[in-house]
Amino acid sequence: MRKLTRKVSMYVLLTAISVVFIGPFLIMASMALKPASQPVFSFPPDLIPRPPVLDWVKEAWTAVPYPRFMLNSVLYCGVGIPVYLLVSALTAYPLAVMTFRGRTLVFFLLLSTMFLPGELMLIPRFLVVSELGLADSYAGVILPGVLSAFGIFLLRQAFAGVPREIVDAARVDGCGEARIFWRIMLPSVRPTLAVLAIFGFISTWNSFIWPLVVLKDSAKYPISLGVAYLAGITGSDVRSMAAGTLLSVIPVVVFFMFMQRHILDGMKGAVKG
Amino acid sequence: MRRRNSSTGAVGGRWYTPWVFLVPGLGLFAIFFVWPAATAIRLAFYRYNVVSPPQFVGGRNFAHLLEDQRFWTALKNSLILLVGLLPMSVVIPLLLAVLVNQKLRFIQIYRLVYYLPVVTSMVAVAVAWNYVFHQQGVVNWALTGFGLLDEPIQYLLDPGWALFALTIVEGWKGMGTYMMIYLAGLQAIPGDLYEAARMDGANAWQRLRSVTIPLIVPYFAVALTIEVMDAMQVFTSVYVMTKGGPQDHTLTLGYYIWSAAFEQYDMGYASAMGLVLWAMLIFFALLNYRLTKGRTV
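Same order as they appear, the protein sequences are chains Y and G. Residue numbers for the first sequence, in the UniProt record's numbering: 1 to 273. Residue numbers for the second sequence, in the UniProt record's numbering: 1 to 297.
Among the hints, erroneous ones may be present.
[What the hints assert, rightly or not] Derived DSS-like pairs (lysine-lysine); straight-line CA-CA distance at most 25 Å: (1) Y:Lys3 x G:Lys76; (2) G:Lys243 x G:Lys76; (3) Y:Lys268 x G:Lys103; (4) G:Lys103 x Y:Lys7; (5) Y:Lys220 x Y:Lys58; (6) Y:Lys216 x G:Lys103.
Keep in mind that the hints were calculated from the coordinates and are not lab data.
Assemble the whole structure, with the sequences as input and the hints as a guide.
Below is the structure:
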């Protein structure tokens, strides 16, 4: 009996805390779905839309080229993340399993970039990207993001954990280096690749400051900039703003819900190293 | 433990094999990290407004830093943010982690909910909190309702409240990250340690103090490093919610650097500030390393 009350009070506590974390989103959802006849704000707060309407969602969808922004974000993720995974794996692999002159130097050089403030890099990166003729282009948004110390670090741990016997057996069978990497090592670190893909997706989908700096043409905006763009256009119209923001949140939340069980493993791997 | 096959390494191949693998990564590293970093260091000694060619000014940008009142305001605000975020990156997330580490049905869902703000974009978070902090929003309703407040406050426009409100939003968004880090740490602690402590008659608080906390110190180190990096670089929330106002009360280093570079087109000065920020981040990282290493050894 005591065990049961303990359990129930735990659920009550956990649920009460949940309100703090989803409350702001619920308020936003309520605003996005309220009919025009119902006031947006009131004392006491009236959060249930009566009846819920999709007018504001439609308005946000058409006021700015939302579908276009969504497609852009899908493109940035769809191209950027596979490249990110491949480049990180290629870089991490020799650092994990080969001994060669300069290995420690390369590793620490890469690690040192973790402490470069994003704001410091913003200006010169913009200059570099302009010099390469990539300003205001899709490539200019994607390329600087495909290398991160975090990804290399995590994958290096994973590669180092693959049993050596598997590689030896493959070599006896006459496997070349490239084949070992592609056919044996990459599949062995699939869980880590999944974690990186999740973090990559979340950060690419939400990336704001870099696309803001590099893009002039709003037709190339990702959805996160699209929300800010919507704010500029709709001005004080809070309902369509709320609706538009909600639309931008849904894809990443759905993605995360399906992939979330990998995140904790990723955290473990990241700290252990 | 590990067997080495030959002098070239555990995995065979010729001397150049590792470098073939490293070429794409190091190439991108050179283009998007080394070259920009070198450019930033160089630019800090120039006056450069993008339109006309850079003009060498020596240490003038750094001298200007010392007398620029707005820089000191930005630095002060960033440090206040850093300190203000501490409870929301150390204490509360640890308690949350202990809570969601229980063996309960549906516990996964609670972890997911607490992590939700981390997954959503800062823009969306800022929009959501604008409604919470609205003059007729729930915060004002609750505070006036409980008689704690006579008049509703416009938190983001009030000089006394804006930075505090910003701290709440930033802290709220980040808590899930730290919770997951601590949760990973908690799950790495062997269960029999708790059994032993329980046998010795330690209560829940004593178990937390003498088993849990000492063993997750390395995780604190990671969390603190992330917290300092994030807090000192706060930008997006300021950009979306306050634009640094009212009267520079939410002007952070991150926002001031961006504004100097892309609003005032003073690239040299912005780079100088960026270098100072870089130095501070390295200082904090070393300090953190020293403090936490001293504990564990």
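Hints broken by the structure, by number, lowest first?
-> Violated: hints 1 and 6.
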